[in-house]
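The listed protein sequences derive, respectively, from chains A and B.
FYI, the numbering for the first sequence is 1 to 576, going by my numbering.
FYI, the numbering for the second sequence is 1 to 94, going by my numbering.
These are computed hints drawn from the structure, not numbers from a lab.
Here the structure is a predicted model, which is why all the values come from computation and not from measurement.
Treat the hints with care, as some may be off.
[Stated by the list, open to error] Cut-off 27 Å, straight-line C-alpha distance, at most; resulting in silico cross-link-like pairs (DSSO-like, lysine-lysine): (1) Lys13/B - Lys557/A; (2) Lys538/A - Lys557/A; (3) Lys288/A - Lys18/B; (4) Lys13/B - Lys287/A; (5) Lys13/B - Lys288/A; (6) Lys557/A - Lys276/A; (7) Lys276/A - Lys18/B; (8) Lys144/A - Lys288/A; (9) Lys133/A - Lys381/A; (10) Lys64/B - Lys467/A; (11) Lys16/A - Lys39/A; (12) Lys276/A - Lys13/B.
[As the list claims (entries may be wrong)] Beta-carbon label-pair distances, calculated as ranges: (13) Asp4/B - Asp465/A: 40 to 48 Å; (14) Pro559/A - Ser66/B: 22 to 30 Å; (15) Asp4/B - Pro42/A: 56 to 64 Å; (16) Met1/B - Glu500/A: 25 to 33 Å; (17) Lys28/B - Glu500/A: 18 to 26 Å; (18) Leu20/B - Glu218/A: 47 to 55 Å; (19) Lys18/B - Asp569/A: 49 to 57 Å.
Ideal placement from N, C-alpha and C gives every residue a C-beta, glycine not left out.
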Amino acid sequence: MPKRILRVNMNNLEAKFEDLPGDYAALGGRGMTSTIVAKEVPPTCNPLGPHNKLVFAPGIVTGTAAPSSGRISVGGKSPLTGGIKEANAGTPFSQMVARMRIGAIIVEGKHEGDDYYLLKVTMDGGEFINANKWAGKGLYSVYKDLFKQFGDKVGICGVGIAAELLGGNSGVCFGDPEGLPSRYAGRGGLGAVMASKGLKFIVVDETGAPGVEIANQEVFKAGIKKLRDALTSHDVTKPGGALNSYGTSVLVNIINEAGGLPQRNFSSGQDERAEKVSGEAKAEEVKKRGGTRPHFCNPGCIIQCSEVWTKPNGKDPVGVLEYESVWALGPNSGIYDLDDIGELNRACNDLGCDTIEAGGTLGVAMEGGLIKFGDAKGALKLIEEIRHKTPTGRIIAQGTEITGKVLGVTRIPTVKGQSLPAYDPRAIKGIGVTYATTPMGADHTAGYAIAPEILGVGGTLDPMDPKKAEVSRNLQLATAAVDASGYCLFIAFAILDIPEGLEGVVESLNGVLGANLTVADVAPIGKSIIDIELEFNKKAGFTPIHDRLPEFFIEEKLPPHNTVFDVPDADLDSVF
Amino acid sequence: MPIDLKLFGDLRKKADPKVLGTLPLRLKINDPEITWVADILRKYKIEDNEVSHIFVNGIYAGLKKSVKPGDKVSLFPRNMGLLYKWYFKREEDE
Numbered sequence: 001m002p003k004r005i006l007r008v009n010m011n012n013l014e015a016k017f018e019d020l021p022g023d024y025a026a027l028g029g030r031g032m033t034s035t036i037v038a039k040e041v042p043p044t045c046n047p048l049g050p051h052n053k054l055v056f057a058p059g060i061v062t063g064t065a066a067p068s069s070g071r072i073s074v075g076g077k078s079p080l081t082g083g084i085k086e087a088n089a090g091t092p093f094s095q096m097v098a099r100m101r102i103g104a105i106i107v108e109g110k111h112e113g114d115d116y117y118l119l120k121v122t123m124d125g126g127e128f129i130n131a132n133k134w135a136g137k138g139l140y141s142v143y144k145d146l147f148k149q150f151g152d153k154v155g156i157c158g159v160g161i162a163a164e165l166l167g168g169n170s171g172v173c174f175g176d177p178e179g180l181p182s183r184y185a186g187r188g189g190l191g192a193v194m195a196s197k198g199l200k201f202i203v204v205d206e207t208g209a210p211g212v213e214i215a216n217q218e219v220f221k222a223g224i225k226k227l228r229d230a231l232t233s234h235d236v237t238k239p240g241g242a243l244n245s246y247g248t249s250v251l252v253n254i255i256n257e258a259g260g261l262p263q264r265n266f267s268s269g270q271d272e273r274a275e276k277v278s279g280e281a282k283a284e285e286v287k288k289r290g291g292t293r294p295h296f297c298n299p300g301c302i303i304q305c306s307e308v309w310t311k312p313n314g315k316d317p318v319g320v321l322e323y324e325s326v327w328a329l330g331p332n333s334g335i336y337d338l339d340d341i342g343e344l345n346r347a348c349n350d351l352g353c354d355t356i357e358a359g360g361t362l363g364v365a366m367e368g369g370l371i372k373f374g375d376a377k378g379a380l381k382l383i384e385e386i387r388h389k390t391p392t393g394r395i396i397a398q399g400t401e402i403t404g405k406v407l408g409v410t411r412i413p414t415v416k417g418q419s420l421p422a423y424d425p426r427a428i429k430g431i432g433v434t435y436a437t438t439p440m441g442a443d444h445t446a447g448y449a450i451a452p453e454i455l456g457v458g459g460t461l462d463p464m465d466p467k468k469a470e471v472s473r474n475l476q477l478a479t480a481a482v483d484a485s486g487y488c489l490f491i492a493f494a495i496l497d498i499p500e501g502l503e504g505v506v507e508s509l510n511g512v513l514g515a516n517l518t519v520a521d522v523a524p525i526g527k528s529i530i531d532i533e534l535e536f537n538k539k540a541g542f543t544p545i546h547d548r549l550p551e552f553f554i555e556e557k558l559p560p561h562n563t564v565f566d567v568p569d570a571d572l573d574s575v576f
Numbered sequence: 001m002p003i004d005l006k007l008f009g010d011l012r013k014k015a016d017p018k019v020l021g022t023l024p025l026r027l028k029i030n031d032p033e034i035t036w037v038a039d040i041l042r043k044y045k046i047e048d049n050e051v052s053h054i055f056v057n058g059i060y061a062g063l064k065k066s067v068k069p070g071d072k073v074s075l076f077p078r079n080m081g082l083l084y085k086w087y088f089k090r091e092e093d094e
């Protein structure tokens, strides 16, 4: 059976399989979503109108035995940035879709009226079920209901109340292996795009799925062995390594010591209280409470950086508390208590919010005087306004930029309307270049995870040195290629140091595709994806002035290093 | 004025085998023989390969970074080596 596209027309509630066009055969993940969005979505359309489309695509090796490869990309025109968007997540849902030989699910049109629908996808096609009874409810209880109704072997994707409000602060939520609504393709407000069409949930049932077709088993197996060996031997990715022991939050203490962990709406880069919400502190608490650590977000992951955070009594699991979430809902809001952060993260998951955007929103809400920095109870109450769909909740659901403007805040940490993540660009300037220039709006994942050495830039870098254009460009190209592969970005840490690991990645792609790619093809693949995205954004009205950080990063010194973001505009313009 | 040293994770056991909790271990070093970061590692019998990240006054540094009274030095163990180790140049004075 060849790979297919499932085209979902929300105008008439029709879902039909189509043949995958030949020129899409080698695409996956971000490569697939951005290609389809660029081809089928008018760049100037209203992101929440009938002409936008929402595209889901598993990666090239997703659904196979390749380790740490269970990623799914979600793409469309972003209501937050106004440009093209790809957000991705690790989840069993992606593996099921891939094994069903669905290369992409394209959701188009817009259902008239106020009804919401659930789309059930099987090998035979799609079936629509009225989902009104699950609207206005938190996703933790709804996901339980859905697994009860459809069985515990299905994969679930959905959007929450924040999306019902058409909020730019709404993500697309996937279930983790335990069924918790905790794995988010969170950024850019794609949840609102889904809800705007009248679609609340997608349930996939892979019964009868043939599995991913592998053109050359021998090459594929040799490739994944090389990658597996690299991942299990590298200090960052191996069992007992940094990610496995402490999760992504291992970065809290590191970035804090480096003076780049934004505190209280980016007003300082360091605070000793951050030590109380570190990866070490969290890992020990998870152990004490009987939570789960390490944990995988999708079966077959070797790195296992995830976890299941619970209340102090070991009950009411939240899911993972990622570094970015801990930072956004913690230090950036002046909150230094893991239980407070855990409950804020629970509320975000339940309501369907992106934790980074939600934390950025809390930061400007606190600066704007709505509540005080450090007021955890007030922060939770504010996020909960979304559940009650109050006027304040509707503003909060729109994210950092709109909330900041409503409150008259001038220090709004966004690029292209999207909130900055957990690295202050005044202390780590290369990431600032990526925030400014990526087609995605401020996004840390767009260009930091592949080391310069792989790309032939050579040498390591001074984080304070403003000359970062070439490095950022190469990182963004490589990241786009990884996002297309289906591999988790964290494999980069191993394949950086172990060349056989990178070879293994390329061989695994060749094995699936029957291609003859080499390591030298990685950057050009990434470039082809970013070129498509940049062209879309240009047609949507983006110019170089959109590739800038907010003024306060350029003028306001960040303690403790007292540096500003001083990368010249000409350097930013030279990235692409 | 002493050097303020922070040891993270398992490195804390080098200075206090009975250390509890998860906060970094804070130590004050008054030792005229300490000139370099490498001297601090020697003082606590820490092997070079047991350390991933070194920060001196918030600057990512190497073993040959000089230290003086009043400096703040942070040492992370090998199993906490994420991000800086891979991307950034260690500042050194020699």
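Worksheet item: For the pair supplied as a hint, lysine 288/A and lysine 18/B, is the alpha-carbon distance within the 27 Å limit?
Response: OK: lysine 288/A and lysine 18/B at ~19 Å, within 27 Å.
Worksheet item: Are the Cα atoms of lysine 557/A and lysine 276/A separated by 27 Å or less?
Response: holds (26 Å)
Worksheet item: lysine 16/A and lysine 39/A: Cα distance at most 27 Å?
Response: Holds, at roughly 19 Å.
Discussion item. What's the verdict on lysine 276/A and lysine 13/B, does the C-alpha distance respect the 27 Å limit or exceed it?
Written reply: Judged against 27 Å, a Cα distance of about 19 Å means the pair holds.
Discussion item. Lysine 13/B and lysine 287/A were given as a pair; does the straight-line alpha-carbon distance stay at or below 27 Å?
Written reply: holds (20 Å)
Worksheet item: lysine 64/B and lysine 467/A: Cα distance at most 27 Å?
Response: holds (25 Å)
Item to complete: Look at the Cβ atoms of leucine 20/B and glutamate 218/A and judge whether their distance stays inside 47 to 55 Å.
Response: holds (52 Å)
Fill in: Assessment of proposed distance window 40 to 48 Å (beta carbons of aspartate 4/B, aspartate 465/A)
The hinted range 40 to 48 Å is violated for aspartate 4/B and aspartate 465/A, with Cβ atoms some 26 Å apart.
Worksheet entry | Agreement of lysine 13/B and lysine 288/A with the hint, judged by alpha carbon distance not exceeding 27 Å | The given pair, whose Cα atoms are some 20 Å apart, holds under the 27 Å limit.
Practice prompt. Would you check the hint for lysine 538/A and lysine 557/A, treating anything up to 27 Å between C-alpha atoms as holding?
Written response: At roughly 32 Å apart (the allowed maximum being 27 Å), lysine 557/A and lysine 538/A break the hint.
Worksheet item: Given the proposed pairing of lysine 276/A with lysine 18/B, does the C-alpha separation stay at or below 27 Å?
Response: holds (20 Å)
Worksheet item: Can the restraint linking lysine 13/B and lysine 557/A be considered satisfied, given a maximum Cα separation of 27 Å?
Response: Not OK: lysine 13/B and lysine 557/A at ~37 Å, beyond 27 Å, violated.
Figure legend: structure checked against the earlier numbered hints; hints not met, in rising order: 1, 2, 13, 16 and 17.
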